[in-house]
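Chemist: We have chain A already, so just place chains B, C and D on it with the hints.
Protein chains: 4
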Amino acid sequence: MDIYAKAKQATYNLIRDDDKNSVAATVFDVTIISLIVVNVLLVVLDTFSGFPPGVLALFRNIEVFSVIVFSVEYAARLWTADKLYPDKSGAAARVRYALSFMAIVDLLAIMPFYLPFVFPVDLRILRMVRLLRLLRLLKVNRYTSALSTVGNVIKRKASQLISSTLVVFILMVIASVLMYSVECEAQPLVFQNAFSGLWWAIATLTTVGYGDIYPITAAGKLFSAVIALLGIGIVAIPTGIISSGFVENIDAERSTEEKHYCPYCGEKVD
Amino acid sequence: MDIYAKAKQATYNLIRDDDKNSVAATVFDVTIISLIVVNVLLVVLDTFSGFPPGVLALFRNIEVFSVIVFSVEYAARLWTADKLYPDKSGAAARVRYALSFMAIVDLLAIMPFYLPFVFPVDLRILRMVRLLRLLRLLKVNRYTSALSTVGNVIKRKASQLISSTLVVFILMVIASVLMYSVECEAQPLVFQNAFSGLWWAIATLTTVGYGDIYPITAAGKLFSAVIALLGIGIVAIPTGIISSGFVENIDAERSTEEKHYCPYCGEKVD
Amino acid sequence: MDIYAKAKQATYNLIRDDDKNSVAATVFDVTIISLIVVNVLLVVLDTFSGFPPGVLALFRNIEVFSVIVFSVEYAARLWTADKLYPDKSGAAARVRYALSFMAIVDLLAIMPFYLPFVFPVDLRILRMVRLLRLLRLLKVNRYTSALSTVGNVIKRKASQLISSTLVVFILMVIASVLMYSVECEAQPLVFQNAFSGLWWAIATLTTVGYGDIYPITAAGKLFSAVIALLGIGIVAIPTGIISSGFVENIDAERSTEEKHYCPYCGEKVD
Amino acid sequence: MDIYAKAKQATYNLIRDDDKNSVAATVFDVTIISLIVVNVLLVVLDTFSGFPPGVLALFRNIEVFSVIVFSVEYAARLWTADKLYPDKSGAAARVRYALSFMAIVDLLAIMPFYLPFVFPVDLRILRMVRLLRLLRLLKVNRYTSALSTVGNVIKRKASQLISSTLVVFILMVIASVLMYSVECEAQPLVFQNAFSGLWWAIATLTTVGYGDIYPITAAGKLFSAVIALLGIGIVAIPTGIISSGFVENIDAERSTEEKHYCPYCGEKVD
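Protein sequence lines, in the order shown, are assigned to chains A, B, C and D. If you count the first sequence from 1, position 165 lands on 165 in this note's numbering, and the numbers rise without skipping. If you count the second sequence from 1, position 138 lands on 138 in this note's numbering, and the numbers rise without skipping. If you count the third sequence from 1, position 145 lands on 145 in this note's numbering, and the numbers rise without skipping. If you count the fourth sequence from 1, position 208 lands on 208 in this note's numbering, and the numbers rise without skipping.
Source of the hints: derived by calculation from the structure; they are not laboratory data. Hints should not be assumed to be uniformly reliable.
As the list makes no split between identical chains, a pair holds if one copy fits it or if it spans any two.
[To be verified] Here are the simulated lysine to any residue pairs, SDA-like style, with alpha carbons at most 25 Å apart:
1) Lys6 / Val167
2) Lys6 / Leu78
3) Lys221 / Leu171
4) Lys221 / Val38
5) Lys83 / Asn13
6) Lys155 / Val226
7) Lys221 / Phe169
8) Lys155 / Ser145
9) Lys221 / Leu132
10) Lys155 / Leu78
11) Lys221 / Ser49
12) Lys83 / Ala158
13) Lys83 / Glu63
14) Lys88 / Pro116
15) Lys221 / Met128
16) Lys221 / Phe195
17) Lys155 / Glu73
18) Lys221 / Leu42
19) Lys221 / Gln187
20) Lys88 / Tyr4
21) Lys155 / Thr144
22) Lys155 / Ile170
23) Lys8 / Val38
24) Lys155 / Ala225
25) Lys221 / Leu41
26) Lys8 / Ser181
27) Lys221 / Phe48
28) Lys83 / Arg94
29) Lys8 / Ile162
All values reported here derive from a predicted model rather than from experimental measurement.
Isolated chain A (complex conformation) (with noise of 0.2 Å):
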């Protein structure tokens, strides 16, 4: 094994993402998150007014150290692709992690920086997605398992979640078109059209209720609890679904060890 392989195995035990072992990379993972977290409250630091000139300059100091250490990161873990993709050749290892969701958003959170120097062009919005990168926060701990028993329990469940959310849907614009004709005349400047109608659906049906459009006549008020009333349901049906998802989810767990043995004669059972 020559220096260059020793190198890139020692870059990839550093950087992957699964549990460490070694100080040195839960070190690089720490300080990864951070830049990371750093940087996103930079983006949100960004829209306030007044900072002092010093204050900016060190803004943008950071911001160019936390581009060049996640440039960097990026080219290793480009480069050490073909050690994820064992069974893969160099090239096509590259491209195949090039394509992955979380090597695209790393790319796209590093190109706002660089494109400028191309070409000229305000690419700041595309600086927001430094925010998904945040996502990583879910990659390098324990609760990555927990999570995608959640993302499967939801997408076992999507067809009845789907089909729930269309009834929803038709029953929002329904509502929305009838409140209008309902209000239009009473409030003609807060139901000025069905989109204000469909607004206030959607502010009753989820039952945030913000308090800028409700109606004032007693039909609209009577027709609001009648959907006021069914927002409960639109609560309650994906509950009640994702509920019986985790269930059989403990079921399956559960008949998965009790396959081996009866539970009751504790006979071995095929």
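Modeler: For chains B, C and D alone, coordinates are given in the frame of chain A:
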């Protein structure tokens, strides 16, 4: 098989509501669904003002075209109804189809266009019935069985849900009269009568809370706190009922599967 | 069997609260329920102003008629109480009936009409007790058993629900004092004292959010965010408890059915 | 057994936190709980203004009396700590007790009274710690085991709940920056920076909806609709997780009971 029977069979294959194999049937479905969605958009856009005459003319042309297509579709469904109900004679099958929920919706959706020719009346309000045609979205996809599962759960738990709702309704009426008594002196313009109290009770129990009506006296706030906390039960109880319905469903499906073989000894069970 | 006993049996058959077979008993039930609903509407309508004298006179006549019918019904139930409790003597059965919850409600519902004749006092507030007679709606239909299932689930889970509520209550008191401390300087008129803080805590934890009171300082908003997120738990935990109660119920029903026969071999089990 | 040991045993029997048999211990518990509730009321009432000097003096006297009782109680618990931890020596038991959560709360609750005698400092804020003594309400009743069941369910599902919360948090940060970008031009005073966006995201995702901040542009409303609908998932997913935890708990309890006897053949199983 003569040409008439062949044409009828071909038409039926094209329009029947199931998972299609032929390209033509899929194209037909997508066309009809698109026209329905466009017509719903037209009903929504009609509530906006300020469109130039050219756009309004376009809207009118789209509507005429849609109604013609929907009319042909309705006629075709009526014609091929004996294929849908093979055990009925031609006339009986057509009457049965014409009285089905979706057929009535389809008829009501095209009628507002034709009726003004017969006798002069403004049936614009009936155009909203077209929104109900959105329900067809649910018929032509694989979500039908998922939705029927949801529907079955709600149906099986109907008596529990209805009796809980009845208790909530009684609670609401009592709360609204009490709240009116407590607040009518402090806010005579807001709590004008017990109907205002009912509107407050609905906004509070469903946790919508628009903010147009709320107690300002100490007694009213204490009472409101009790009602708001009960409002959590209003969400928790139906959710619990529906959750248990979905869990029961899973158990039922599993026990159907398990019926044929003993899970422990593997022997066949009748 | 003499004529007195026969009349008593006939009266009892007419008024007892179960699923009726005779047409007369059903007519009697529908009449009483209708009168109760009409009286509840009268209590609600009395809070409106501006009715012409003729309508007010009609309201008064309906009330007089209802009270007479309710009085006769109450007397009849008292008279036939020994049929309801066959194991008790006449006087004991009547006392026991008179002390039952529904009998007290019935008496309180007619008393405000008679009392002013005895001594001059305004008992209009007591008329609200008539609203409680709405509970009879639950007695005369097939939803009783469904409701008792819901009641049993809540009763069985009472200690879990109460102890959770206690934690929520403690959290609310602490949150209200803290929020008052944080916001009292910025909004002295809104957060006047810890009671205002409690009102805010209830509106936030139950997610009602009327919008009459909310933090405006950064510290207050951060704290409010924590409380609002905890508010999700306030909904999720009782819902989870009640859900598990309903699931347990289903399991219990099934295991009762299964007790008698082995589900696998079909043999009878004691 | 000398008089000292007897006195200590009697004191321990009086103050230990379990279901009491003796009348004296119950009276002691009720007294302490009442004093705690009265002190919490005092902390709440202190935020009100306008009490006459006489009432304020009464408040002060109640506080002095309570602190003396609480101090004696604290000393007694410290003294009898070796009864609570019989396997430890006297000093070790006392240190262990003094470092327990409830003991620290008890000490912090009495300290703000004594400290000003030692060095002049305003520790009124520390008086709020007395609110935490309300937690003792949970220790001296039969709801403890119910509460520990609830706690165990949440603990067992902690990793799923935390990872879901992390996803929600990431979603919130992204939503807040996006909403700020969309609305900052239309409402520069309302959406001043991304922190305002975060405040909006929390009010929307938790469905509180105070109504102090909401989008007014069409793009903002559409985006808000998406977030509000996701807010339903924010409630549904933890509820589903907690529901399944409670169901799992029931199953575990049942299988513990069932372990000893086969439910079908009735034979004892080890």
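Chemist: Evaluate each hint against the coordinates.
Modeler: Here is what the structure says about each hint:
no., hint, verdict
1, Lys6 / Val167, "neither (58 Å within a copy, 37 Å between copies)"
2, Lys6 / Leu78, "within (16 Å within a copy, 61 Å between copies)"
3, Lys221 / Leu171, "both (17 Å within a copy, 19 Å between copies)"
4, Lys221 / Val38, "between (48 Å within a copy, 22 Å between copies)"
5, Lys83 / Asn13, "within (10 Å within a copy, 54 Å between copies)"
6, Lys155 / Val226, "between (31 Å within a copy, 19 Å between copies)"
7, Lys221 / Phe169, "both (21 Å within a copy, 16 Å between copies)"
8, Lys155 / Ser145, "both (15 Å within a copy, 16 Å between copies)"
9, Lys221 / Leu132, "between (42 Å within a copy, 22 Å between copies)"
10, Lys155 / Leu78, "neither (30 Å within a copy, 39 Å between copies)"
11, Lys221 / Ser49, "between (43 Å within a copy, 20 Å between copies)"
12, Lys83 / Ala158, "neither (34 Å within a copy, 34 Å between copies)"
13, Lys83 / Glu63, "neither (30 Å within a copy, 60 Å between copies)"
14, Lys88 / Pro116, "neither (35 Å within a copy, 70 Å between copies)"
15, Lys221 / Met128, "between (41 Å within a copy, 20 Å between copies)"
16, Lys221 / Phe195, "both (19 Å within a copy, 10 Å between copies)"
17, Lys155 / Glu73, "neither (32 Å within a copy, 36 Å between copies)"
18, Lys221 / Leu42, "between (46 Å within a copy, 20 Å between copies)"
19, Lys221 / Gln187, "both (13 Å within a copy, 19 Å between copies)"
20, Lys88 / Tyr4, "within (19 Å within a copy, 60 Å between copies)"
21, Lys155 / Thr144, "both (16 Å within a copy, 17 Å between copies)"
22, Lys155 / Ile170, "both (23 Å within a copy, 20 Å between copies)"
23, Lys8 / Val38, "neither (29 Å within a copy, 57 Å between copies)"
24, Lys155 / Ala225, "between (33 Å within a copy, 22 Å between copies)"
25, Lys221 / Leu41, "between (44 Å within a copy, 18 Å between copies)"
26, Lys8 / Ser181, "neither (68 Å within a copy, 42 Å between copies)"
27, Lys221 / Phe48, "between (41 Å within a copy, 17 Å between copies)"
28, Lys83 / Arg94, "within (10 Å within a copy, 57 Å between copies)"
29, Lys8 / Ile162, "neither (45 Å within a copy, 35 Å between copies)"
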